[in-house]
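S.K.: Here are the chains, one letter per residue:
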Amino acid sequence: MLALKNIFRWYNSGVNRAFVLRDVSLTIEQGEFVSIMGPSGSGKSTLLHIIGMMDEPNEGEYSFMGHSVLKIKEKQRAELYKKHIGFVFQAYHLIDELTVYENIETPLLYHGIGASERKSMVADILDRFNIVGKKDLFPNQLSGGQQQLVGIARAIITKPNLILADEPTGNLNSKQGQEIMELFKTLNDEGVTIIQVTHSEKNATYGSRVIELLDGRIER
Amino acid sequence: MIQNYFKIAWRNLMKRKFYSLVSILGLSVGITFTLLIGTYIWGELQVNADLKNVDNQYLIQSKWKQADMGVEIATLAPLAEALKENYPHLVENFYRFDGITSTFANKDKIFREEIQLGDSTILNMYGFKLLHGDATTALNQPYTMVLTAEQAIKYFGQSDVVGKTLTVESFSGSKKDFMITGVLDKLATNSITNLLNSTKSPVLMSFESSDYFGRGQFNTWNNPYNVGYITLKEGVKPESLAKPMAKLIKANAPTNISDNLLPYLTPVKEVYREANNGIVKKTIFTLTMTALFILLMAIVNFINISIGNSFTRLKEIGVRKMLGSMKGQIIRQFLAESILIALVSLLVALILFEIFQPIFGQILNKTIPSLLSITPYFFVFAILLALLIGLLSGMYPAFVLSNIPSIDSLKGKLKSIKENIFFRRLLIVSQFSIALFVGVGASVITKQVNYFFTKDLGYHKEAIITARVPRDWSPKGVEKMETIRNEMTKLKEVNNATLSYEIPETNSKNSIGIYKMGQDSTQAIYIPSLTSDDKYLETYQIPMVAGVFFQNKESSFQAGKMVLNEAGVKALGFKSPAQAIGQIVRLHFSPQSYTIVGVTKDFHLGSMHQAISPLAFMNVKENTIFRYLSFKIREGNIAESLSAIQHKWTELMPGSVFEYTFMDDTLKKLYQSEIQLKKASELATFLSVIIVVLGILGMVSMSIARRTKELGIRKVLGASSISIVMLFLKEFIVLICISIVIAFPLAVISMNSWLTGYAYRIELNWQIFIAIAIFFSLMIAFFVFLQTFKAALTNPIKSLKTE
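Protein sequences, first through last, are from chains A and B.
Just so you know, we're using my numbering here: the first sequence kicks off at 3 and counts up by one.
Just so you know, we're using my numbering here: the second sequence kicks off at 719 and counts up by one.
Simulated from the structure, these hints should not be mistaken for laboratory data.
Idealized CB from N, CA, C, for every residue including glycine.
Be careful, since some hints might not be right.
[Stated by the list, open to error] Here are the computed distance ranges between Cβ atoms for each label pair:
1) A:Gly146 x B:Ile1431: 26 to 34 Å
2) A:Asp191 x B:Asp1126: 34 to 42 Å
3) A:Glu76 x B:Phe1140: 23 to 31 Å
4) A:Ser42 x B:Glu1428: 22 to 30 Å
5) B:Ala1423 x A:Ala125: 38 to 46 Å
6) A:Asp191 x B:Ser1421: 46 to 54 Å
[Stated by the list, open to error] Heads up, simulated DMTMM-like pairs for lysine to aspartate or glutamate below, C-alpha to C-alpha not over 25 Å straight-line:
7) B:Lys725 x A:Asp126
8) B:Lys825 x B:Asp895
9) B:Lys882 x B:Asp826
10) B:Lys725 x A:Glu119
11) A:Lys75 x B:Asp1126
12) B:Lys725 x A:Glu99
13) B:Lys1033 x A:Glu76
[Said to hold, decoys possible] Computed from the model, here is a short list of chain A residues facing chain B with C-beta under 8 Å:
14) His51
15) Asp57
16) Ala80
17) Lys84
18) Phe89
19) His95
20) Ile97
21) Glu99
22) Leu100
23) Thr108
24) Pro109
25) Leu111
26) Tyr112
27) His113
Sequences are here, hints too, so could you generate the full structure?
M.R.: See below:
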């Protein structure tokens, strides 16, 4: 599905380059459930952002579903991730001014989907996640677990092939975290590729593969 | 999608109520002011727009090499007609009139009206429509007239008055019935009927009636006091009339006129805007600039608050980008928000417009239409204006924020924070500078206007009233008026009274050519004359410098005496007032010689725009023209004095109206446009102060919100409340200093250039500037203090907790 080759990412701090990723190469196949682990500052999130096309490496090659991501135009790249990638964050990143319903609907607006279709798609998801009763609430009226549920609903409503999750359970208690991980497992069983960044060994066990990062290099 | 944008925009507005309120208030003040001024300007541009064939209509004006020989707005009486007759291939039509005033009566309804004794061409030439009567024949016969529906109703209580008559008084005191042959529909303000008086419409009479007013012989080439208009043929340039005019004048006019006169054509559509040194044009310009600046200040507040808020919006932008939003969509969303604010402000502004429209109309002395009766274009303009403001103020935040990489925005990082602060400070400095500039401008204008009314005028204006008297311009008429004057003076309420042609209202328009005995008449110096009786000096309390005012009190009238003012002495080339006494001079077109018997001190006959001009007093007994009785009334109960005079007046002059004006009011009229400017600039100052204060409230509260944690830490470390306040104040003090450095030099330059328009003016002094600077700084300090003091007093533990 995607392949990274000799990826370098650095920041210039004064005269020195501070390397975040050094020579990372990685291939992930359709249907995998990958966990990226490593201590703070090892480059996990940066790697995830590069995969999600929100950040660009300074050197290296990246191909995603047959497209050479770093060589195509920004607009095409935007189309690519819009179509295939969904994001889930530790801090949920819901839009505070929008209701649950509207938050889930927003990506559909950006996909240019018609009003009636939007309505049924959002209704399906609300139903599936059992949050129909919460659809008119604002994010700050929900618990953390519920917010993350909305975050995931929002990520999968466009039916992406790949979900990128950046410590999705980091802000949740263990019971809520477990529910979220179960949900990911189900999604993965349905064929969605999942890449998560996590600190938790337990969460990693849900995945099919673990990548360990240390100081910007893949250790395992 | 758009709906979605506006929904979020609305929620954002509601969420940050205080900031939205500050933005909306400021913007609506700016928009209201702009709309009011826009309406005023629209009205001014509509003047003359209704005239038929207006692009080819011209007014013949005059430049005189020697000042005071004639007036600029008028020309030689026969010129317009001669142009049409001699150059029919250039000139399509002409209209010329002699402007006079007289008393009209229908039984006991007696009023004084202005009259245009003119050609019958007027109605057709400008497309003036008659409500009643036949426009093609209305003005063909002598002793007929056309008046406005308003006037008809005033005399008869109805507008269809064709065939009825009004009694008109001549200048020799006789009375005659004139038939009404036409009633004009309501005319929009134009430079034909409103050339001399912008508010009152004249009665139109045919030129054939001139004889009745003793002006039959006035249609000559040595009368430069008639107004002349021509219509040029399609495609003829006004420049091509220069030679024909010069030729006609050379061939017909006396040499003293043809040597000095340079006629030129002014398009009628520009006459109104160019009149009085282009006062209307200048007012339009000044007001447009003021509106733009006030609007700019309001927009600055808006942008500052949007940028301030953008810190809290970053996360949302990041999320949206990650969800697949394109940059353009983010930009559109922000623009939708700012446009929404602008539209809400417009709504508020429309309400404010309706409230302030009468007050503003009063300031500008114009009727500003209410929203209910306004043209639909107004709303189109208003909405376009709001959209433009929305776009302008949303643009910067929209583009800056949409350009931040999505990861940075998710993390809430504003990379361009330094540049941002610079931009915001730039905005604040420009706002402060405008406010300071407007403040200095307003106080200089106010000072100058006060100066008009407090400067020593050279005469005493207190307790003087003037009233127009019926005319009988004959030696007998003068004798009668002088008797009436003496009767009036006997009233205990009247200290003094005088009969004269001029009052201190405008510079005298009647100039006489004076030359010394032995000089040739071509060396004559033109000096404005003031025709009065020998009581003028006492009534107006003008000091003498040398000699006597016509004669000693005890001696009786002797012909051939003249009094000059000091400027007149200089103009005629005498070394000193004393030396002028006893000198004999001669006048143009007069066989008689005159002895200079007295010299008065200079006094302000006209406005302070011009230096005091030379003046020659002529005795009304010889030069039998008069218009006014001026009364110096006893101080004390003014109403009582007025009714006593009124009573005596009707007793002595039955059938004439006692319409009096206080000298103070006459002077106010003289400085009308300056008083307007003063009021407008005070209003502008007030508005800019409001906007600055709103801006400061918004900015300081935002910066406190952002720095709560910092303030907490500082307090824990032992900072005093005052030092916390100073933390915020410091920044503003620097900005004020920079603004002063920018605004004051500009103010000095522009105010000095404004003041040069006045021969008598105040000096710009540093006190004005210091006062404005101190007031402005204190005001800002006060509001900063008000906002920060609370923050400075709160328990630091609280503020640290909330982080």
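S.K.: Mind listing which of the numbered hints don't hold for this structure, in increasing order?
M.R.: none
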